[in-house]
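J.: Turn these sequences into a full structure, and let the hints guide you.
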Amino acid sequence: MSLLTVSNLTKRYRRDKKAIAAIDDVSFHIDPGETLALAGPSGSGKSTIARLVLRLIEPDAGRIDFEGNDFLALSGAALRARRARLQMVFQDPLAAFNPRATVARVLDDPLRIHGIASRSERPRRVAELLERVGLTADLATRAIHEISGGQRQRVAIARAIATKPSLIVLDEAVSALDVSVRGQILDLLLDLQRQERIAYLFISHDLGVIRAIAHRVVLLDAGQVAESGDARTVIDAPQSAIGKALVAAVPRLNRIIRQDPT
Amino acid sequence: MSPLRRFLRAPEAVAGAILLAALIAMALSASLLFPGDPQAIAGPALLPPFQDWSLPLGTDRLGRNVLAELFHGARTSLAVGLAAAAAALVVGAVIGTLAGFAGGLVDEVLMRITDAFQTVPSFLLALAFVSVVGPSLGVVVIAIALGTWTGPSRVARAEVLSIRERDYVAGARVIGMHPMAIAFREVLPNALPPVLAMSSVIVAAAILTEAALSFLGLGDPNRVTWGGMISEGRTVLRTAPFLSIVPGIALVLTVLGVYLAGEGIVETTAVRRGLS
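Protein sequence lines correspond, in order, to chains A and B.
Numbered per numbering that gives the first Met the number 0, the first sequence spans residues 0 to 261.
Numbered per numbering that gives the first Met the number 0, the second sequence spans residues 0 to 275.
One or more hints might be untrue.
Claimed, not checked - Here are some of the chain B residues that sit facing chain A, going by a computed Cβ distance under 8 Å:
{"no.": "1", "residue": "A26"}
{"no.": "2", "residue": "S30"}
{"no.": "3", "residue": "R60"}
{"no.": "4", "residue": "D166"}
{"no.": "5", "residue": "G170"}
{"no.": "6", "residue": "R172"}
{"no.": "7", "residue": "F183"}
{"no.": "8", "residue": "E185"}
{"no.": "9", "residue": "N189"}
{"no.": "10", "residue": "P193"}
To be verified - Each pair of labels, with its calculated beta carbon distance range:
{"no.": "11", "chain 1": "B", "residue 1": "I23", "chain 2": "A", "residue 2": "G182", "range": "58 to 64 Å"}
{"no.": "12", "chain 1": "B", "residue 1": "L255", "chain 2": "A", "residue 2": "H144", "range": "35 to 41 Å"}
{"no.": "13", "chain 1": "A", "residue 1": "R81", "chain 2": "B", "residue 2": "P193", "range": "35 to 41 Å"}
Simulated from the structure, these hints should not be mistaken for laboratory data.
Backbone N, C-alpha and C fix where the C-beta goes; we use that ideal spot for every residue, glycine too.
T.: Encoded structure:
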């Protein structure tokens, strides 16, 4: 059974009394422990889907089933409790944290809110989380703005895994990082997926990264699914017009395909 | 450069700090230097200043020591000014945060209430409130806060409207934080700097409003106030102008000191925030 099933999701925005569909009848599913990539040009609705799946905004139509339950039917305390299983990592690791926060507070919050560890136990759990994402425990006392971008994104991943989720939405989670750090963060994500069987909804415009880490891909164009399927198959031989355009726009990718016979 | 050193480099800020320090020293030392009731008769009536060195600023119409009254009046001015401004800032920040964060109907209702308070002149509001409830220190504080919380509330709301769209607020929702905790732990502290920047103006205005209320006889009758002293002196303005001039000067210097020191603090901390 799939972990997350999105059916006929639709979100419209009103502009000058005209309703514009940002997301139009989109359906997809994610299996446990799987990485599904969402790709598409700017404005194709990738981030809107991320926010809909996380219930940060509400859809106009459609259905979201998560872990076998109607996710859109939840509200209030029941929704907040269920959020433990569905986490997110943002693109800009600086904007994703309260500018006044320390690393310890950022990681303490989810443990406290979901009652995962007692007050006396929490500092140890924070240290464990930091070590889990490849950071040292003494980083806990530092302010968020005092650590580097790569460290910050590791803290963001630590916060996301603190509540032991089954699905993490990664909204352009490595796009703001420089290339050397990007590789390390992707390795960390793959490592976590192998060990904890976390599924990822991986939103990116970087087809090279998607081809390297995603199992399946959904290509979006103007809020609709243009093409979907196995990540390598789709990217190596796109069928839709937007898929061809996206692949053609990545100069690096031609070289990768030539080197890799699969 | 540390904020303190930057503060000390601005001459107007230092002048303000000195005036404010003098005022606080006056307020704190009032009962040490002038024990007993400042409203007790201390000498002959209408003694001019600098005549008798035991009564350096002379006496008023009833023979009360003007210097003692001035020191005790500093207490009232400072206490009422700070308490009213603090109340206005707290109420304004909380209401502005709730309105901005909740949005929709809650925002509509809270903002229409703010409008209602803002359309009534704040001094008239204070005047009406004190005359209905009766003059005492607490009532005067509430009366002044009643007319001043709307400014901070609008500034806080505007700030919250921009902050609530930030990623870290979405992040707080994703980890399952309660909306009230998000509003007051994540949003409000980050919306505060521009609200606090208004505090110097609000404290200065509150001190003036208190003086005006006292001048009209609506201050706490059991306490010496500078506004009350000016009002008392008004009846003998031609023969003993110093009775109005002395507390008047004290009032001007106090408002100036509060304003300059407050602006100095805001400016130096603003630069610090810009750097980090």
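J.: State for each hint whether it applies.
T.: Structure-based check of each hint:
no. : hint                          : in the structure
1   : A26                           : violated (33 Å)
2   : S30                           : violated (40 Å)
3   : R60                           : violated (56 Å)
4   : D166                          : holds (4 Å)
5   : G170                          : holds (5 Å)
6   : R172                          : holds (6 Å)
7   : F183                          : violated (12 Å)
8   : E185                          : holds (5 Å)
9   : N189                          : holds (6 Å)
10  : P193                          : violated (15 Å)
11  : I23(B) x G182(A): 58 to 64 Å  : holds (59 Å)
12  : L255(B) x H144(A): 35 to 41 Å : holds (37 Å)
13  : R81(A) x P193(B): 35 to 41 Å  : holds (36 Å)
Checked against the numbered hints listed earlier, the structure breaks hints 1, 2, 3, 7, 10; every other hint is satisfied.
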